[in-house]
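Undergrad: Model the full assembly from the supplied sequences, consistent with the hints where possible.
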Amino acid sequence: MPQTSADTAGPPVRTPRRYGPNHRWVVLSVGVAAQASFSAMFSGIPVTGITMRADYHLSTGELGLVLGCLGLGVAVSDIVWGLLTDRFGDRRILLTGLTATGALLVAMAVAVTPGDRAGMPLLAACMLAAGALGGSVNASSGRAIMTWFTDGQRGFAMSVRQTAIPAGGAVGVALLPGLAAAYGFRVVYAVPAAFCLLAAAAAWRWLHEPDRVPAPAADRPEADRSEAARSPLLRWDVWRLALASGLLTVPQIAVLSFTAIFLHDAKGADVALASLTVLIAQLGGGAARIWTGRRSDRRGDRRAHIRGIGALTALVMAGAAVLTHAPTPLTVAALALGGLLANAWHGVAYTEIAAMSGPSRAGTALGLEGTTIFTAAFLTPLLIPAVLTFASWETVWALAAVAPLLAVPLTPGGPRSRLR
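With my numbering applied, the sequence shown corresponds to residues 27 to 446, in that order.
These aren't lab readings, by the way, just hints derived from the structure by calculation. Ideal Cβ placement from N, Cα and C applies to all residues, glycine included. Be a bit skeptical, because a hint or two may be false.
[To be verified] Between beta-carbon pairs, the in silico distance windows are:
| no. | residue 1 | residue 2 | range |
| --- | --- | --- | --- |
| 1 | Asn48 | Ser418 | 49 to 57 angstroms |
| 2 | Ala144 | Glu235 | 23 to 31 angstroms |
| 3 | Gly334 | Ser418 | 25 to 33 angstroms |
| 4 | Arg321 | Glu420 | 47 to 55 angstroms |
| 5 | Ala144 | Gly87 | 15 to 23 angstroms |
| 6 | Asp142 | Trp232 | 35 to 43 angstroms |
| 7 | Ala292 | Gly141 | 28 to 36 angstroms |
| 8 | Ala133 | Glu235 | 29 to 37 angstroms |
| 9 | Arg143 | Thr86 | 16 to 24 angstroms |
| 10 | Asp142 | Val106 | 24 to 32 angstroms |
| 11 | Ala151 | His351 | 16 to 24 angstroms |
| 12 | Arg143 | Ala337 | 47 to 55 angstroms |
TA: Shown next, in the form of structure tokens:
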């Protein structure tokens with residue numbers, strides 16, 4: 027008997043779902059959620075410093091080491107995450123990092139609180155691990171955006187993603203100090219754990235590869251294309267930009283990590299004023315990131331934007347040093363504005379270093395950028411207590427002005443980066 031079509035038909039073939047260009051906005055939203063969830067922890071925990079110092083019975087130097095371990099964790103892992111992202115794809119790495127970070131924070135909420143008699147070594151080790159795992163979001167979400175957006179859109183898109191850092195940080199700054207004072211550190215760790223796990227669920231559902239990767243810009247100089255074929259780790263111009271970014275991070279972390287301690291110890295102010303100062307710097311910095319990202323897309327010279335922001339940050343932080351003993355509102359205003367400017371350059375720098383390296387190497391370049399930034403984030407809170415031992419708060423804020431000033435000549439010059 028001849029076979030019918032029903033007899034010969036195999037199991038139905040499932041057509042893979044296609045994702046059109048408009049899905050890039052969904053991918054951007056996932057990247058924002060991932061970055062914000064990590065930032066809520068990274069920025070929020072340091073502002074609990076007064077409560078952490080008292081509840082865990084830490085000295086100011088020990089507190090600086092514990093808080094610095096968050097940045098050190100990212101610094102020692104970010105290049106590895108970047109290489110893994112280029113090898114295995116942004117979706118796998120983002121899911122792995124967010125899930126592991128959430129699980130670690132849950133474990134800290136269960137067993138690493140003052141009530142559990144957790145000491146400084148265990149607390150520092152957990153902060154180191156949290157930074158190392160959470161740092162996966164930097165390269166993976168950034169590479170996803172570089173993959174989905176074209177060159178003429180990347181400055182804006184990456185700046186929106188980078189705005190998630192101060193925005194998520196603002197959520198952490200607004201929530202965690204009050205939670206620490208009222209409910210203790212179990213809740214402080216549980217809240218960002220929930221954020222990370224929710225972001226992981228969003229990445230699992232909506233973060234996918236595009237049907238076609240945007241082609242390189244036709245007007246890109248041939249020399250730049252050949253440079254992009256080399257590893258970013260072997261290029262001095264890429265290293266210059268990454269090192270300049272590390273210097274630009276110093277005033278940002280100084281304001282974030284030690285505003286509360288400074289206002290408490292030198293001005294007799296409470297944690298609410300410190301939280302408000304950092305909140306202004308974070309939210310204002312987020313708005314500035316979007317503005318500079320859009321402006322750099324239109325004008326093209328991202329490196330000039332970075333140098334300009336560095337010069338302005340140096341000027342304002344020098345003003346903060348001069349105003350250390352001025353009336354508190356003036357000092358707070360200078361620190362808030364300095365912190366705002368120190369937040370404004372991130373999206374442009376991340377976009378530029380990824381564009382210099384090309385989409386296939388973007389994860390590695392973003393990993394290098396994260397390494398220098400978070401190395402500075404580790405060293406800054408570690409060095410500030412040492413400076414205070416031998417000098418004063420004026421010296422702390424003056425050094426926070428020198429760092430971005432040094433970043434201005436270090437930032438590479440060269441052709442306009444308008445890649446459309």
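Undergrad: Does the structure break any of the earlier hints, and which numbers would those be?
TA: When the structure is compared with the hints, numbers 2, 4 and 11 turn out to be violated.
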